[in-house]
Each structure stands twice: as structure tokens, then as C-alpha cells.
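Using the sequences provided together with the hints, build the complete structure.
There are 2 protein chains.
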Amino acid sequence: MEFKKIVELIRKNKFVEAKHLLQNENPADIAQLLEELDSETMLIAFRILSKDLAAEVFSYMNKEDIHYIIEAINDDELRIIMDRIFLDDTIDILEELPSNVVSRVLKNTKEGKRKQINSFLNYPENSAGSIMTIEYMSLKKKMTVEEAISHIKKNGIDKETIDTCYIIDKDRKLQGVLSIRQLILNDDYTQIEDIMKSNVIYCNTLEDQEDVADKFKKYDFTAMPVVDNEKRLVGIITIDDIVDIIEQENTEDIQKMAAMEPSEEEYLETGVFKLAKNRIIWLLILMISATFTGAIIQKYDDVLQSVVILAAFIPMLMDTGGNAGSQSSTLIIRGLALGQIEMGDVLKVIWKEIRVSLIVGVILSIVNFFRIYYLQKVGLAISATVSITLFFTIVIAKVVGCVLPIVAKKLKLDPAIMASPLITTIVDALSLIIYFGVATLLLGI
Amino acid sequence: MEFKKIVELIRKNKFVEAKHLLQNENPADIAQLLEELDSETMLIAFRILSKDLAAEVFSYMNKEDIHYIIEAINDDELRIIMDRIFLDDTIDILEELPSNVVSRVLKNTKEGKRKQINSFLNYPENSAGSIMTIEYMSLKKKMTVEEAISHIKKNGIDKETIDTCYIIDKDRKLQGVLSIRQLILNDDYTQIEDIMKSNVIYCNTLEDQEDVADKFKKYDFTAMPVVDNEKRLVGIITIDDIVDIIEQENTEDIQKMAAMEPSEEEYLETGVFKLAKNRIIWLLILMISATFTGAIIQKYDDVLQSVVILAAFIPMLMDTGGNAGSQSSTLIIRGLALGQIEMGDVLKVIWKEIRVSLIVGVILSIVNFFRIYYLQKVGLAISATVSITLFFTIVIAKVVGCVLPIVAKKLKLDPAIMASPLITTIVDALSLIIYFGVATLLLGI
Numbered sequence: 001m002e003f004k005k006i007v008e009l010i011r012k013n014k015f016v017e018a019k020h021l022l023q024n025e026n027p028a029d030i031a032q033l034l035e036e037l038d039s040e041t042m043l044i045a046f047r048i049l050s051k052d053l054a055a056e057v058f059s060y061m062n063k064e065d066i067h068y069i070i071e072a073i074n075d076d077e078l079r080i081i082m083d084r085i086f087l088d089d090t091i092d093i094l095e096e097l098p099s100n101v102v103s104r105v106l107k108n109t110k111e112g113k114r115k116q117i118n119s120f121l122n123y124p125e126n127s128a129g130s131i132m133t134i135e136y137m138s139l140k141k142k143m144t145v146e147e148a149i150s151h152i153k154k155n156g157i158d159k160e161t162i163d164t165c166y167i168i169d170k171d172r173k174l175q176g177v178l179s180i181r182q183l184i185l186n187d188d189y190t191q192i193e194d195i196m197k198s199n200v201i202y203c204n205t206l207e208d209q210e211d212v213a214d215k216f217k218k219y220d221f222t223a224m225p226v227v228d229n230e231k232r233l234v235g236i237i238t239i240d241d242i243v244d245i246i247e248q249e250n251t252e253d254i255q256k257m258a259a260m261e262p263s264e265e266e267y268l269e270t271g272v273f274k275l276a277k278n279r280i281i282w283l284l285i286l287m288i289s290a291t292f293t294g295a296i297i298q299k300y301d302d303v304l305q306s307v308v309i310l311a312a313f314i315p316m317l318m319d320t321g322g323n324a325g326s327q328s329s330t331l332i333i334r335g336l337a338l339g340q341i342e343m344g345d346v347l348k349v350i351w352k353e354i355r356v357s358l359i360v361g362v363i364l365s366i367v368n369f370f371r372i373y374y375l376q377k378v379g380l381a382i383s384a385t386v387s388i389t390l391f392f393t394i395v396i397a398k399v400v401g402c403v404l405p406i407v408a409k410k411l412k413l414d415p416a417i418m419a420s421p422l423i424t425t426i427v428d429a430l431s432l433i434i435y436f437g438v439a440t441l442l443l444g445i
Numbered sequence: 001m002e003f004k005k006i007v008e009l010i011r012k013n014k015f016v017e018a019k020h021l022l023q024n025e026n027p028a029d030i031a032q033l034l035e036e037l038d039s040e041t042m043l044i045a046f047r048i049l050s051k052d053l054a055a056e057v058f059s060y061m062n063k064e065d066i067h068y069i070i071e072a073i074n075d076d077e078l079r080i081i082m083d084r085i086f087l088d089d090t091i092d093i094l095e096e097l098p099s100n101v102v103s104r105v106l107k108n109t110k111e112g113k114r115k116q117i118n119s120f121l122n123y124p125e126n127s128a129g130s131i132m133t134i135e136y137m138s139l140k141k142k143m144t145v146e147e148a149i150s151h152i153k154k155n156g157i158d159k160e161t162i163d164t165c166y167i168i169d170k171d172r173k174l175q176g177v178l179s180i181r182q183l184i185l186n187d188d189y190t191q192i193e194d195i196m197k198s199n200v201i202y203c204n205t206l207e208d209q210e211d212v213a214d215k216f217k218k219y220d221f222t223a224m225p226v227v228d229n230e231k232r233l234v235g236i237i238t239i240d241d242i243v244d245i246i247e248q249e250n251t252e253d254i255q256k257m258a259a260m261e262p263s264e265e266e267y268l269e270t271g272v273f274k275l276a277k278n279r280i281i282w283l284l285i286l287m288i289s290a291t292f293t294g295a296i297i298q299k300y301d302d303v304l305q306s307v308v309i310l311a312a313f314i315p316m317l318m319d320t321g322g323n324a325g326s327q328s329s330t331l332i333i334r335g336l337a338l339g340q341i342e343m344g345d346v347l348k349v350i351w352k353e354i355r356v357s358l359i360v361g362v363i364l365s366i367v368n369f370f371r372i373y374y375l376q377k378v379g380l381a382i383s384a385t386v387s388i389t390l391f392f393t394i395v396i397a398k399v400v401g402c403v404l405p406i407v408a409k410k411l412k413l414d415p416a417i418m419a420s421p422l423i424t425t426i427v428d429a430l431s432l433i434i435y436f437g438v439a440t441l442l443l444g445i
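Those protein sequences? They're chains L and W, same order as listed. Residue numbers for the first sequence follow UniProt numbering, beginning at 1 and rising by one. Residue numbers for the second sequence follow UniProt numbering, beginning at 1 and rising by one.
These aren't lab readings, by the way, just hints derived from the structure by calculation. By construction, the Cβ of each residue, glycine as well, lies at the ideal position given by its N, Cα and C atoms. Each hint should be verified, as a subset may be incorrect.
Claimed, not checked - Negatives, chain L to chain W, calculated, CB over 10 Å:
| hint | residue |
| --- | --- |
| 1 | Lys4 |
| 2 | Arg84 |
| 3 | Ile85 |
| 4 | Arg172 |
| 5 | Ile184 |
| 6 | Thr205 |
| 7 | Met316 |
| 8 | Val407 |
| 9 | Asp414 |
| 10 | Leu432 |
| 11 | Val438 |
Claimed, not checked - Derived coverage of chain W by chain L (criterion: at least 3 residues anywhere in the stretch with Cβ under 8 Å from a Cβ of chain L; other residues may be distant):
| hint | segment |
| --- | --- |
| 12 | 243-250 |
| 13 | 301-311 |
| 14 | 318-326 |
| 15 | 341-350 |
| 16 | 421-434 |
Now the structure itself:
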């Protein structure tokens, strides 16, 4: 894209040429160009776009710039854009804007669309209803292929996708689904009824978006119909929104796994206080849980007092235990999230982790023993104490790490909270108990 | 789906009825049903499917069952299935099978397709070439809409998608792209040339699949053309494969963040030794790095000896530091992966993390001070030492946590390795140095 050239042309007020160059570009690229301009130039560039293109570009822009543009343009301009933008994109935009801006947008939207927007804004957050669009193509089963195609020609222009068409009866009940491919590949006089697929896979308006995304992944769909409780077709969800949801759900899982409140906002756009708030709750919980670990050490302070070098290996034991445990919990959490591990696999998983932990534990303990006995010249009894503790710590860490996410799932909690931080805290305590236990035994304190 | 009924019918040898019921189901559901059957019943159920459906179901099955079926069916059956299965699915299947099975499959594939399969298998792993399919719909720019539609009617049956068509010249060079929607919505006599989009966004056969996925996300595509170095169209990539790649890349990132070698294999399908191998390298590296932490404690063993209670707070300080640091690194790693944070944002990020860490640090230190001074009745000097160390540990952890992933990216390493485990090890050492430093100062040891 000739970014520089276009900016240059705008700065020189050569709008016709700039418009001409912009017209050939992809809306996503134009949105990116606009975001890099200063506000004033951005507004000029936005205004020289054809209205259709402007509406498309709008749906790719970030919330600050959209806000700025809406504030800057007049009601007529706003009305034209709102007329052309797809309903699901409108909803996405409105959900991000402050309420006074939302009311101005709604005021400049045609009544029919306004009603639809309002009903969308009332669907629960993260439900299928809140992400669907109503710009789908519907057909009747008594149509012939020829009639259907001419119906599409007449009504298809403002639909988000016509690649899949939906067959509904007079009560809007969903009866079948038909790809445009089937339509094209069949003879003109074939009846829709005879070629449509009547076993339609759909979702309900109130279904969670994560479940909807799972259905898309399972069936390799590019669009899915959304029905209400009476199985009436109310909208469709398209794959581009699902891709965003998949990334968003992954981000949330990753955040939970690092002991944070999940947030949909981008890092750079989140305020400092919000960021601090998202992090502090878990830090407090985990800090206070670490009291137990402290109490264990305090209980054995006589052991430490007489063999103070034991303290030097505490960090290594704790870190290795934490790492070994979070490796297991991470794999299990991810496997549960992707549906690759089911609740019924729990025994299989534990058995696998026990075997893995035996291999890992033996190797690490041997390496550790040689390292501290031969290289650091630590005494035999202490070297043995540390290595034996290391072995048991790894085995326990891996079993705890694989069991807790599954237990969480069973308790209908999110398995992602059973990740590194919490596992580490639990394994720390267990590891210290073993450490001092073995020390008391071997060192005869 | 009437799973039980179908299984019942198969068990009673009522194949015609079972076939009839299966015919209406979605291939993904049938594959799932088959996986739950014992091998023998599975084979019977697979054989009663119509050949087209069998080919589709095949591409949804897991590698063990595919292997089993290929071994069990005869060459004629295999040939018929290989004829009907889409090329990109064939590649996916072949890449998972042992080489003797691959050669039998190739022997039963038509020569033209076999050549294509061989050339696909030669594209580098994770390249655009290795995931594309060649079953795309191509048109010529001098065609009219009517000619194009009749061309599609004749040739569209074995294309993976006809929703987007590609316009190529006689040398197969990519000239434009046209959606079926444009085709349907335009008059019969319009020339393709006049309605196609000539500014096509494409990818190269050797491009990394992660970059291709980023383009899909940016442009909301459902298919993208793949060209060779001479810009000749060689295939297309469809969104269903991209969704799988996004999940796979996320899994790999999450595994790296938990200090494991990334693996594409599903947990339950990975052998114990492979799992142990993926985990042990990082555990060894991190265990040996923890030597530094041990050395610091050993250096200050006189301090510990005289105030042994100091040891009791080491786990809490280390864990909180590790957690605070991995919160920051996680957000930055994810932001970098999603392209929401760029290299140019480094100062903005550090400034933000410093402010967040001040808020979090102050609150946690105060809570901690009250907890150990008033509740645990620890002396004032020690309570102050612990709380001051906690504050600095959090600030340092957050700065280290946000800087290291960016440094890794700058050094062309994967930022995901700068996650919790490595950050924890580094922060542990820094935290202990501060702890003993403050202790020496305040306690006058």
C-alpha cells in the first residue's frame, strides 16, 4: 500500500488523487493507515472515503478513533455510515462507546435498525445473541433454484454472507440450510426442499460464545444459524467473529493461568488502576497462603538453626517443584479447554503423570546429587536429603498439577485457576514438609 | 443424533436402516460416533457409509482409527476414498501416518493427485504450502458472469470452496479475486474483469502459517490465495485450517510459557518418554540456575544463623515476586503475540508497569506488615525488613517481567520463553539480595 504517497497527497490537499488511491485498498489496511495519522489528517482521510468504504473501514478501527470520528462528524454523515454498516459490527462498536455517544448514534439510526440494536444490546454479554448478525439470506423450501437465485440477486446486497442460505417457514422456524454452492451446482428447476440439508446444526441466542466457537471448530463451519427458544431463526454468526472470540478466550485463559482477573481490553488501552486491580486480588490471596509455608519453616527452625545450609536449597526445591507442577497443570488445563481431555480420562492422566514424574524425578535427582555432592562438596547426608526431597517433590508436584485442574472442572470452576501460581503455593508447602521430614531422619536432628 | 439406535442397528446387522440414519448426520458427528465404537463395529459402520460421506468422515477421524481403517480395507476401497477426499485433508492424514502406510495410500492414488501430494509433502513444515489445498475455483477475466457461472456449474463439484473465485491469466498468474456474491449480484453480461478486485491480498508458499493466520485475522478472510515466487496461483488456504492453526499456535505458546518444549501432539496421544523429554530440559536449566539463589543464601548464612526467623519469609517473598513478575510477562508476551504491543511501545510499557507495581507494591507491603507485625507478633525490625523487601521485589519483578519478553523479541527469540519459570528464577535471586541487604541494614547484623 502506498501509505506515504496517500498521506502526502492528503497533506497537499490533493483529495481526488488520494481518494482514488484509497479506493483500491483493503478496508483493514485503510483503518491501520488512519490509526497512524494525527487526528486531523485522519478525519480528512476518513471523509474522502466513499460512504460504503467508510462504513467498512469504521468496523476495523479502534475504539478511541471511532469515538473521535463520531464526535467530529455531523448527524448527516453519521446517519449515512450507520445505514451501511453491518449490524454485528455496529453492536461491537456501540458496546465500547460511552453512553452519551451511543445515544447520539442511535438517534441517527433508522427506526427498524435502532430497534434491532436495542434488542441486541440486551442479550447477555458473551452470548450467541450478542455476537450474531441479522443480515442473513433466507429462502423458502417451495422455491426452485432459479427463484432462489433471483431472490438472492434482489435481496443479497445487504447481507453479511450469502455463502450459506437458511430455509425458514412462515413462522420463521428454521427448516434447513443450503450452501450457495449447492444452489449453483443444481439445475434451475430443482426444488430447494430437495437439495437443502434439513438436519441443521444451530445454536441458541443464550448459548455461551465459547460453546458456539467449539461447534465452529468441530464442524468447520463458516456461518451458523442462531435460533430462539421456539427454534425461530433470529440471526447468524460468522467465522470472522469466532476467530476473534477464540483469541479472546485464549487470552482470558492465559491471564487466569498467570493469576490475574481476565480482561478483554488490550494492554496498552487499559488504565493503570484497572491493571493493578486485576492483579492484586490473586497476589493477596497467594501471599497470605504462603503463610503456611512460613509456618512450616518456623516449626522446624531448630533444624535450620543447627544445619543452616539446608536453607540454601529451599529456593531450588520450591522452584523445581513449582515448575514441574505447572508443566503438568498447563497441559491438563489446555487439554480440557480444547476438549482433548475429558473427565473420564482422569485415571489415565494420573497414571501417565506418575510415570512421567518418575522418569523426570530420577534424572533430576541424580544430576542434582552429583552437582551438590561432587561439585559443591556438600556432605553426603545433606546431598542425599536434598536429592530425595527433590524426587518426591517432583512426583507430588506432577500429581497435584494434573489432579487439581480436573477437580476444578468437576466442581464447575474454571480449571485455568489451577495453574502455576496456586500449584506452586501448594507444592511449596508439601515440598518443605518432606524436606524437613527427610532431614530429621537422615541427619538425626 | 441417534447414536445408540445406530449402534444397535449395526450390532443387529440391520445395515440398510443404519446407513439410512447415518446418511443424514454431519460427518464430524459420525467421526465422533465411530471413535467410540470398538474397532470391528467401527469398520462395519465406516463401510456402510456412502463413498462421498466416508471420505468426509475420514478427514475428521483421529490418526489411530485412520491407521486402523487403512490397514483393514482393501486397495479398491482405499482408491475410492482417496479419490474423493480433499487434497489438504489427505496431506494432514498422510503427515501423521507411518511411512509404509503412506506408500500404500500413495500407490492407490491417481497419478496426478499423487504428484501433487508428493510436492505438498515437500513444503517445509508449518509453511503456507503445507496447509494449502489446490481445489480452488479459477476464472478468466474475459469471461462474462454467465460464462463464469456455467464454468462453475461444470467444474465446481470437486472444489473445496467456490465462495471465492480466483482470476488467473494463461501463465496462471494471479490477476484478481471475485466472491460468488459479486457473481450472483451482477448481471449475466457483466465482464469478470469489471467486477473483480485486482488488489489481491495473498501469501507465498513458503510463508510461515502463523503469519498467514495473522493476515486472516486482520482481513476477516474465509480463504486466501497462495502464490509461488513468480506470483503464479498454486493453491488456497481456507479458514477452517486457520482456526486449527490459531489453536495450535496458542497451545505452543502456552507450553513454552510453562517451560516445556512445544508439541503438536495431543496429551493423551503422546508417549510417556516424549512427555518427559519435552519437560526435562527446561527443568534442568532452571534447577541449575537456582544454584545462584542457593549461593546467595549461603553467602548470608551468618545472618540466617543469628535471625533464623528470616528464613520463614523467604518462600512468601519468592512466590509473590515470581507471581508479580509472571503477571507482567504474561500480559506482554500475549500482547506481542497478538500484535497489540509493538517494539516501539517499550518505554510506554515500562512506565505503565512501574506505576502498576507502585500501587500493587504499596498495598501488598502494608497488608503484609499488619499481618506479620500485629497478627503474627513478629518484631518491628523484622516486619519492616520483610515489608520493604516485598515492595522492592514487586517493583523489580514487574519491570523485569515486562522488559525481558521485549528483549527476547528484539533478539529474535520467542518472547514466550521469558515467562513465569525464568522470570521467577531471576526475581528470586534479586529478591534475596534485597532481603539480606535490608536485613543487614535494619537489624544491624
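> If you look at each residue in the segment 243-250 of chain W, do at least three have a Cβ nearer than 8 Å to any Cβ of chain L?
Replying inline: With 5 residues in contact (Cβ-Cβ under 8 Å with chain L), the coverage given for the segment 243-250 of chain W holds.
>> Please verify that the nearest CB of chain W lies beyond 10 Å from L/Arg172's CB.
In response: 23 Å, holds
> With d taken as the least Cβ-Cβ distance between L/Ile85 and chain W, does d exceed 10 Å?
Replying inline: 14 Å, holds
> Is the nearest Cβ of chain W still more than 10 Å from the Cβ of L/Thr205?
Replying inline: Given a closest Cβ separation of 22 Å, the condition holds.
> With a cut-off of 8 Å between beta carbons, are at least three residues of the segment 421-434 of chain W near chain L?
Replying inline: Holds, because 5 residues of the segment 421-434 of chain W bring their Cβ atoms closer than 8 Å to Cβ atoms of chain L.
> For the segment 301-311 of chain W, do three or more residues have a beta carbon lying closer than 8 Å to a beta carbon of chain L?
Replying inline: Since 6 is at least three, the answer is holds.
>> Is the claim that L/Val438 lies outside the interface with chain W correct, judged by CB distances over 10 Å?
In response: 17 Å, holds
> Are all C-beta atoms of chain W more than 10 Å from that of L/Ile184?
Replying inline: L/Ile184 not clear of chain W: closest Cβ-Cβ about 6 Å, inside 10 Å.
> Taking the minimum C-beta separation from L/Val407 to chain W, is that value above 10 Å?
Replying inline: 17 Å, holds
> Taking the minimum C-beta separation from L/Met316 to chain W, is that value above 10 Å?
Replying inline: 4 Å, violated
> Would the least Cβ to Cβ distance between L/Arg84 and chain W come out above 10 Å?
Replying inline: 16 Å, holds
>> Tell me whether the statement that chain L covers the segment 318-326 of chain W is true, taking a Cβ distance below 8 Å and needing three residues at minimum.
In response: holds (count 7)
Figure legend: structure checked against the earlier numbered hints; hints not met, in rising order: 5, 7, 10.
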